[in-house]
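Listed below, chain by chain, are the residues.
Protein chains: 2
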Amino acid sequence: MAESMQGLKRTHRCGELSAVNVGETVTIMGWVQKNRNKGGLVFTDVRDRSGIIQVVCEEGTTEPALIEKAASLRSEYVVAIVGKVARRSGAVNDKIATGEIEVIPSELRILSEAMTPPFPIEENSKTKEEIRLKYRYLDLRRPDLQRNLKMKSQVMTLTRQYFAEEGFLEVETPMLGKTTPEGARDYLVPSRVHPGSFYGLPQSPQLYKQLLMCSGVDRYIQIARCFRDEDLRADRQPEFTQIDMELSFVDVDDVIDVNERYLKKLFREVLDVEVQLPIQRMTWQEAMDRFGSDKPDLRFGMELTDVSEVVKDCGFGVFTAALENGGSVRGINAKGQGGMPRKKIDKLTAFVKDYGAKGLAYVAIQEDGTVKSSFAKFMTEEQMQALIAAMNGEAGDLLLFAADKNKVVWDSLGALRIELAKQLELLDKNEYRFVWITEFPLLEWSEEQNRFVAMHHPFTMPMEEDLQYIESDPGRVRAKAYDIVLNGNEIGGGSVRIFQDDIQEKMFHALGFTDEQAYSQFGFLLDAFKYGVPPHAGLAYGLDRLVMLMAKQDSIRDVIAFPKIKDASCLMTEAPTPADTKQLEELGLEVVTEEK
Amino acid sequence: MAESMQGLKRTHRCGELSAVNVGETVTIMGWVQKNRNKGGLVFTDVRDRSGIIQVVCEEGTTEPALIEKAASLRSEYVVAIVGKVARRSGAVNDKIATGEIEVIPSELRILSEAMTPPFPIEENSKTKEEIRLKYRYLDLRRPDLQRNLKMKSQVMTLTRQYFAEEGFLEVETPMLGKTTPEGARDYLVPSRVHPGSFYGLPQSPQLYKQLLMCSGVDRYIQIARCFRDEDLRADRQPEFTQIDMELSFVDVDDVIDVNERYLKKLFREVLDVEVQLPIQRMTWQEAMDRFGSDKPDLRFGMELTDVSEVVKDCGFGVFTAALENGGSVRGINAKGQGGMPRKKIDKLTAFVKDYGAKGLAYVAIQEDGTVKSSFAKFMTEEQMQALIAAMNGEAGDLLLFAADKNKVVWDSLGALRIELAKQLELLDKNEYRFVWITEFPLLEWSEEQNRFVAMHHPFTMPMEEDLQYIESDPGRVRAKAYDIVLNGNEIGGGSVRIFQDDIQEKMFHALGFTDEQAYSQFGFLLDAFKYGVPPHAGLAYGLDRLVMLMAKQDSIRDVIAFPKIKDASCLMTEAPTPADTKQLEELGLEVVTEEK
Numbered sequence: 005m006a007e008s009m010q011g012l013k014r015t016h017r018c019g020e021l022s023a024v025n026v027g028e029t030v031t032i033m034g035w036v037q038k039n040r041n042k043g044g045l046v047f048t049d050v051r052d053r054s055g056i057i058q059v060v061c062e063e064g065t066t067e068p069a070l071i072e073k074a075a076s077l078r079s080e081y082v083v084a085i086v087g088k089v090a091r092r093s094g095a096v097n098d099k100i101a102t103g104e105i106e107v108i109p110s111e112l113r114i115l116s117e118a119m120t121p122p123f124p125i126e127e128n129s130k131t132k133e134e135i136r137l138k139y140r141y142l143d144l145r146r147p148d149l150q151r152n153l154k155m156k157s158q159v160m161t162l163t164r165q166y167f168a169e170e171g172f173l174e175v176e177t178p179m180l181g182k183t184t185p186e187g188a189r190d191y192l193v194p195s196r197v198h199p200g201s202f203y204g205l206p207q208s209p210q211l212y213k214q215l216l217m218c219s220g221v222d223r224y225i226q227i228a229r230c231f232r233d234e235d236l237r238a239d240r241q242p243e244f245t246q247i248d249m250e251l252s253f254v255d256v257d258d259v260i261d262v263n264e265r266y267l268k269k270l271f272r273e274v275l276d277v278e279v280q281l282p283i284q285r286m287t288w289q290e291a292m293d294r295f296g297s298d299k300p301d302l303r304f305g306m307e308l309t310d311v312s313e314v315v316k317d318c319g320f321g322v323f324t325a326a327l328e329n330g331g332s333v334r335g336i337n338a339k340g341q342g343g344m345p346r347k348k349i350d351k352l353t354a355f356v357k358d359y360g361a362k363g364l365a366y367v368a369i370q371e372d373g374t375v376k377s378s379f380a381k382f383m384t385e386e387q388m389q390a391l392i393a394a395m396n397g398e399a400g401d402l403l404l405f406a407a408d409k410n411k412v413v414w415d416s417l418g419a420l421r422i423e424l425a426k427q428l429e430l431l432d433k434n435e436y437r438f439v440w441i442t443e444f445p446l447l448e449w450s451e452e453q454n455r456f457v458a459m460h461h462p463f464t465m466p467m468e469e470d471l472q473y474i475e476s477d478p479g480r481v482r483a484k485a486y487d488i489v490l491n492g493n494e495i496g497g498g499s500v501r502i503f504q505d506d507i508q509e510k511m512f513h514a515l516g517f518t519d520e521q522a523y524s525q526f527g528f529l530l531d532a533f534k535y536g537v538p539p540h541a542g543l544a545y546g547l548d549r550l551v552m553l554m555a556k557q558d559s560i561r562d563v564i565a566f567p568k569i570k571d572a573s574c575l576m577t578e579a580p581t582p583a584d585t586k587q588l589e590e591l592g593l594e595v596v597t598e599e600k
Numbered sequence: 005m006a007e008s009m010q011g012l013k014r015t016h017r018c019g020e021l022s023a024v025n026v027g028e029t030v031t032i033m034g035w036v037q038k039n040r041n042k043g044g045l046v047f048t049d050v051r052d053r054s055g056i057i058q059v060v061c062e063e064g065t066t067e068p069a070l071i072e073k074a075a076s077l078r079s080e081y082v083v084a085i086v087g088k089v090a091r092r093s094g095a096v097n098d099k100i101a102t103g104e105i106e107v108i109p110s111e112l113r114i115l116s117e118a119m120t121p122p123f124p125i126e127e128n129s130k131t132k133e134e135i136r137l138k139y140r141y142l143d144l145r146r147p148d149l150q151r152n153l154k155m156k157s158q159v160m161t162l163t164r165q166y167f168a169e170e171g172f173l174e175v176e177t178p179m180l181g182k183t184t185p186e187g188a189r190d191y192l193v194p195s196r197v198h199p200g201s202f203y204g205l206p207q208s209p210q211l212y213k214q215l216l217m218c219s220g221v222d223r224y225i226q227i228a229r230c231f232r233d234e235d236l237r238a239d240r241q242p243e244f245t246q247i248d249m250e251l252s253f254v255d256v257d258d259v260i261d262v263n264e265r266y267l268k269k270l271f272r273e274v275l276d277v278e279v280q281l282p283i284q285r286m287t288w289q290e291a292m293d294r295f296g297s298d299k300p301d302l303r304f305g306m307e308l309t310d311v312s313e314v315v316k317d318c319g320f321g322v323f324t325a326a327l328e329n330g331g332s333v334r335g336i337n338a339k340g341q342g343g344m345p346r347k348k349i350d351k352l353t354a355f356v357k358d359y360g361a362k363g364l365a366y367v368a369i370q371e372d373g374t375v376k377s378s379f380a381k382f383m384t385e386e387q388m389q390a391l392i393a394a395m396n397g398e399a400g401d402l403l404l405f406a407a408d409k410n411k412v413v414w415d416s417l418g419a420l421r422i423e424l425a426k427q428l429e430l431l432d433k434n435e436y437r438f439v440w441i442t443e444f445p446l447l448e449w450s451e452e453q454n455r456f457v458a459m460h461h462p463f464t465m466p467m468e469e470d471l472q473y474i475e476s477d478p479g480r481v482r483a484k485a486y487d488i489v490l491n492g493n494e495i496g497g498g499s500v501r502i503f504q505d506d507i508q509e510k511m512f513h514a515l516g517f518t519d520e521q522a523y524s525q526f527g528f529l530l531d532a533f534k535y536g537v538p539p540h541a542g543l544a545y546g547l548d549r550l551v552m553l554m555a556k557q558d559s560i561r562d563v564i565a566f567p568k569i570k571d572a573s574c575l576m577t578e579a580p581t582p583a584d585t586k587q588l589e590e591l592g593l594e595v596v597t598e599e600k
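Respectively, the protein sequence lines represent chains G and B.
Following the numbering used here, the numbering of the first sequence begins with 5 at its first residue and continues without gaps.
Following the numbering used here, the numbering of the second sequence begins with 5 at its first residue and continues without gaps.
Treat the hints with care, since some could be wrong.
Repeated chains share a single entry, so a pair holds when one copy, or any two copies, can fit it.
Here are the computed lysine-lysine pairs in the DSSO-like style, where the Cα-Cα straight-line distance is at most 30 Å [claimed, not checked]:
no.: 1; residue 1: LYS154; residue 2: LYS269
no.: 2; residue 1: LYS138; residue 2: LYS13
no.: 3; residue 1: LYS269; residue 2: LYS42
no.: 4; residue 1: LYS586; residue 2: LYS269
no.: 5; residue 1: LYS268; residue 2: LYS154
no.: 6; residue 1: LYS510; residue 2: LYS73
no.: 7; residue 1: LYS362; residue 2: LYS316
no.: 8; residue 1: LYS426; residue 2: LYS570
no.: 9; residue 1: LYS13; residue 2: LYS339
no.: 10; residue 1: LYS409; residue 2: LYS299
no.: 11; residue 1: LYS13; residue 2: LYS534
no.: 12; residue 1: LYS510; residue 2: LYS347
no.: 13; residue 1: LYS534; residue 2: LYS586
no.: 14; residue 1: LYS357; residue 2: LYS299
no.: 15; residue 1: LYS351; residue 2: LYS88
no.: 16; residue 1: LYS586; residue 2: LYS73
FYI, nobody ran anything at the bench for these hints, they're computed from the structure.
For clarity, every value in this text was computed on a predicted model and none was experimentally measured.
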C-alpha cells in the first residue's frame, strides 16, 4: 500500500546533508539502497540523485512501530523520512560524502513498495546489457549512468551558454523535411494528407542552416536530433544528436578559433582539464602518412614509415608488385615487441585482413641483433639492414609492414597501430589529445557507384589553389574542410561552404549530377543562392561521442538515456511494432509480404 | 562575379557602430538594403542582423573606381566594406540606431550579387503568405521575423538556464518511439530492418519522462520536438516544440511555484514586464461558470451570468426546454451595445451556431429604458425586469443569452465573449494576464467513442477526495491537473501523475481498457511502477505559442523558422515528395492507389 506524501515537503536531497546539518530536523525522500538489522538497530541507506544517507533506528530510542516499519523495508522501496541529523555513533564511512552523519527518524512513510529488481542497483554492473536495456529505468538508477546523464546535461547547458555569449542564435529546423537520395539512407515518414508522399527525417540540418545564413541569421547553433537508417555498428544509433553550428562572413580560422575556446571552456568546467590552445593542426595527407588515419590518436607514437624507396629494388615480390601497381610499402615499429610469439603475429595478420591487407610482413629483431623475418630470404643482408635503419629498428623491436594500394596500407597499419596500443596498454583515458585535421580531399572515388562522391558533402568549398583541377583532375582537389579529433575519435567536423553558383555547378558536375538532378534535389538552396548569399562555414559535433569520451565510457549507449540495439529496436518499449490496418489505410500504404 | 573575402575580417556588425566609433577604420559585411545616387553622392544602406549603417561615397573624396562600383550595387547584394566612421555630414536619421554616423569607404568588395527579390525586405510585409513561405530564406531577412527568431532563441536560452539553476537535468528522449493508438494520431516511421513494423514519432515525451522519474532523475527538462498528425487548424503545426518538465517528490504547489518564478524571470528579462506573484488560481468550474472557457481571457470583464433560476418559470419555451433537459440559461451583458443594429446581432447568432448553439436570445435596453427583445412576448414585465436585474442591465446595454446543455452554453458564450471583445477592441496586446486553471475533470464523455476519455492523459492523478467516485460516477472525479493560461491562450499544462498501480488500474478501467489492452500499450510503464516509483508531477509549455504571445504575433508560423502550411506541406522544399521504388521496396511497403 502506497502512502501519500501529503503534508511533507522534502528539505534536502540525501547527498546534500553533511556535518553542517547536525541537530537539524530534515525531510528526505528516496529509494532504499539497502536495509539491515543488527543487534536491535535498523540501518537503512536511502539513495537519491545526489547520493546516499544512512538512517538509523535504535531500540529504546525509536518508537517500536517505527522500528518495525523500518525493518520491513526492502531494496528499492521509495520512502519519505523525517528525522534529526546526528553525528554517527558508529564508525565514519569514508566511502560516501555523508559518511560522518546519520538521520534518526521520527517519521517514516512508504511511498511505494518495490519488487526485487532483476539486477542490483550498483556501480559497474556485470549484468548482460540486454537485461539492463529491457529494464532501462532501473539501469539508469545506477550511479555510473546517473553521472553520465548529469554530465551530458551539463555539457548541453555549457554549450548553449557559450555559443549564446558568442552571438549565436538557437534556431529550430524541421524534422519533417524533404528526403534526398544523396548520402546515407533517410528515415521516411509517410504523409496522410498526401498519400504516397513522404517526409525525410534529417540526417543533419545542413541545408536549413545554410538557408539561415542566406537569411542573415549570421551565427546559428542547434543541438539537433539527426537520423540515419544505416546498418548499425557498435557505436552508431539510428538517432543521434549533433551540436550543429554555422557562421557567416568567416573563414577556416574563425570557425576554429570560436571552437577551440569552446572546447577549452567545456573541458575546464566539466572535467577540470586544461586544453592547450592553439590546438595542433595537421593536414589530411600528413595524418595519413604518419598515422594511417584521418583521426589519429596522438597519445602515443608508433608512427608509420614509408619504406617504398628502400625496398623498391629488393627481391620480395609482394613489396615490388605493390609499388609497381602505384601503391606503397609502409611499416610500423612496435618497440620492444621483438619477442612476440609467432601466434600473436599471425593474429595481427588476420586482424589487418579486415582492412583489406593481404598480409603482414614482419621483422623481429632479437635481443642479440639477429633477425627473424617472413621475407628475409628475398633480401640481401644490406637491404635488410637498410630497411631496419629506415625503421629505426633496434634490438628487441618488431617491425610490421603492409604493401598495397595506399588506402589499404593506411587503413591496415592505422588500425594495427591502435590495436597494438590497446594490447600494450598505451592508451591513457585521462589524457585528452586534440588535433585538427585539415585540407581533406574534396572528393573520393566510389568503386560501388563508379563516380566521385563528396568526402564531406556536396556544399564543401574547394581550396582556391586547387579549384583549377576540379574538371581535369577532381581527385586532386583539396577542400576547406576540417575535423576535430580527440584521442583517435572524430568528435566534430565541418567546412567552408560553396557560396558561388558557378563553383557549386562545377561541384555537382564533378559528382556526376546533371543540372536537372541537382535542381530537383537542392533547387531551393540553389534558388536561395541567387538572392545574395554571404560566405559561410560551419561545424557539427557528435554530442553522444563527445560525452562518451568525456565520461570515459566505451559505448555511446552509456550516455543515451534510452538507446536502441543493433537492429534499431528498443528492448524496453519493443518499438518498432506492427501498425494497425486503419493507420496504414489512412496513409495509403500496404505492407508487402517479403519475398525470400 | 563573386569576390572573395580573403584578407578581410569583419570588425563590427552594422548596428553595433555608434558615435563612439567616429574616426575608427572598420570592416563591415552585409546586404545592400538600398542604394541611391544623388548629386555626385552614392548612399548605400548596408544591413545585417544587428541593424543598418549608411555608407557614403562622394565625388572628389572617394576614388572614382570605388564610386562607380558603389553606384552599381543593387538591393540584396552582399558586400564587404572597409571604411572610416564619421559623423553624418547630412541630417541625422532618428529612425535608426546608427543615424548619427556614416561610413566613408576605402574598399568595397561584392561578395555576392543578387537578383531582385520577389518582395521587398521590409517590416510588416503585405506580400501574400504563400509567396513569403516559398521564399522563406528571404522572408526571414525581414526585421520582424529576425526579431521573432532572436526572441525565441533568447526564451530557449533563459529557459534552460533557469531550470538548470533549479536543479533540472536536460535529458534527451527518443524520437523513434513506440506508436500508441490512444490520443491524437501518430506520425509513423517504417522500419527497414523489421519490414511491416513502425516507430511512432512522439506526441510528447510523457512516458519517457515518467520513466526518468522512476530512474531517480528527480527533475527533468527538455525542449522537445513533438508531432501530431492531425488536420491542421490555423495555429497548429505537424511538428511543434514543448518545454517539457517533470519533478519527483512534489505536489501541485511545488510545480506551480517553480513555474511562477520561471515566468516572472522570463517576462522580466525578455519583455521588461513584471508578472505579479502569486499568479491567480481559478478552478475549472469557476472558469467555465464565469467565462465559459477553461482558458479565460481576464483582460476584460463581460462575464457569464447563470439566469436559470430567474427564467425557470417563464413562458419562453427555448429557455424552459433547455432547463428541463438538464441544461442552463446563461447570458452576457455587452455594456453600452444596446444600440447594436439587428443585422450585427444576427451575425453574432450565426457565429455562436459554430459552437453548437441553436440561437442567441437578446434584450437590447434602449437609452429611454424600453426594451427590444427576441423573446419579450413570452415573458411578463416582472419576469423581464427580474432578468435584466440579474444581468445588471442598464439603459444602453445589450444582453445576450444562450440556452442549452451546459457545454454548449459555455462554448457559445465563451467564444461570443472573445468575439465581442475583439469587435469592441477590448484586448490590449501589451497587457499580460496569467491565470492557473485547476481541478479539471479527470474524464470527459466522448459521444464519438461512446466511452470516457482522459481530459489530460491516462496518467493524471484523481483528487484524493474524489477517488471514491471513480467507479460509481467517473464524470464527477476531478483531477490534480493544472493549465497556465495567458490572455485567453493555454500556454502550458500538466498534472500530478498516478504512481500507484491500483489507482492506475482503476483509471484504465474507467477509460474502458481491458488489462490486456492497457498492458500491450503501456506495459513498460506499468512494469516500471512495480520497482519503486516516486510521487511525481510535471508540466509542458507550448514554446511556439508562448513566444508568439510574447512577440505579439498572431500566428505561430511567424515564430517558426520553416513552418508548414495547412496541408502539412512545406512550400519552400515541397516536402513531402514521392519516394522512389527502391526505398519503398527496402521498407517492404507499397503505395496503394486511392479508392475514390
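Verification of the hints:
Taking the shortest Cα distances, LYS154 and LYS269 sit within 30 Å of each other both inside one copy (17 Å) and across copies (24 Å). Proximity of LYS138 and LYS13 under a CA criterion of 30 Å is satisfied in neither setting, with 33 Å inside one chain copy and 54 Å between copies. For a Cα distance limit of 30 Å, the shortest separation of LYS269 from LYS42 qualifies neither inside one copy, at 49 Å, nor across copies, at 51 Å. Within a single copy, LYS586 and LYS269 get their C-alpha atoms no closer than 52 Å, and across copies no closer than 47 Å, so neither meets the 30 Å cut-off.
In this assembly of identical chains, the alpha carbons of LYS268 and LYS154 lie at most 30 Å apart whether taken from the same copy (19 Å) or from different copies (27 Å). Only between protomers do LYS510 and LYS73 lie at most 30 Å apart by alpha-carbon distance; the minimum there is 28 Å, versus 78 Å within a single protomer. Proximity of LYS362 and LYS316 under a CA criterion of 30 Å is satisfied intra-copy only: 19 Å inside one chain copy versus 98 Å between copies. Proximity of LYS426 and LYS570 under a CA criterion of 30 Å is satisfied intra-copy only: 24 Å inside one chain copy versus 56 Å between copies.
Taking the shortest alpha-carbon separations for LYS13 and LYS339, neither the intra-copy value of 63 Å nor the inter-copy value of 48 Å comes in at or below 30 Å. Taking CA atoms no more than 30 Å apart as the test, LYS409 paired with LYS299 passes inside one copy only; the shortest distance there is 20 Å, against 71 Å between copies. In this homomeric assembly, LYS13 and LYS534 come within 30 Å of each other (Cα to Cα) only across copies, at 24 Å, whereas the closest approach inside a single copy is 61 Å. In this assembly of identical chains, LYS510 and LYS347 lie within 30 Å of each other by CA distance neither inside one copy nor across copies; the values are 52 Å within and 66 Å between.
Taking CA atoms no more than 30 Å apart as the test, LYS534 paired with LYS586 passes in neither setting, with 45 Å inside one copy and 33 Å between copies. Proximity of LYS357 and LYS299 under a CA criterion of 30 Å is satisfied intra-copy only: 20 Å inside one chain copy versus 68 Å between copies. Proximity of LYS351 to LYS88 under the C-alpha cut-off of 30 Å is found in neither arrangement, the shortest distances being 63 Å within a copy and 69 Å between copies. In the homo-oligomer, the alpha carbons of LYS586 and LYS73 never lie at most 30 Å apart, since the shortest distance is 52 Å inside one protomer and 64 Å across protomers.
The structure fails to meet hints 2, 3, 4, 9, 12, 13, 15 and 16 from the earlier list, while all remaining hints are met.
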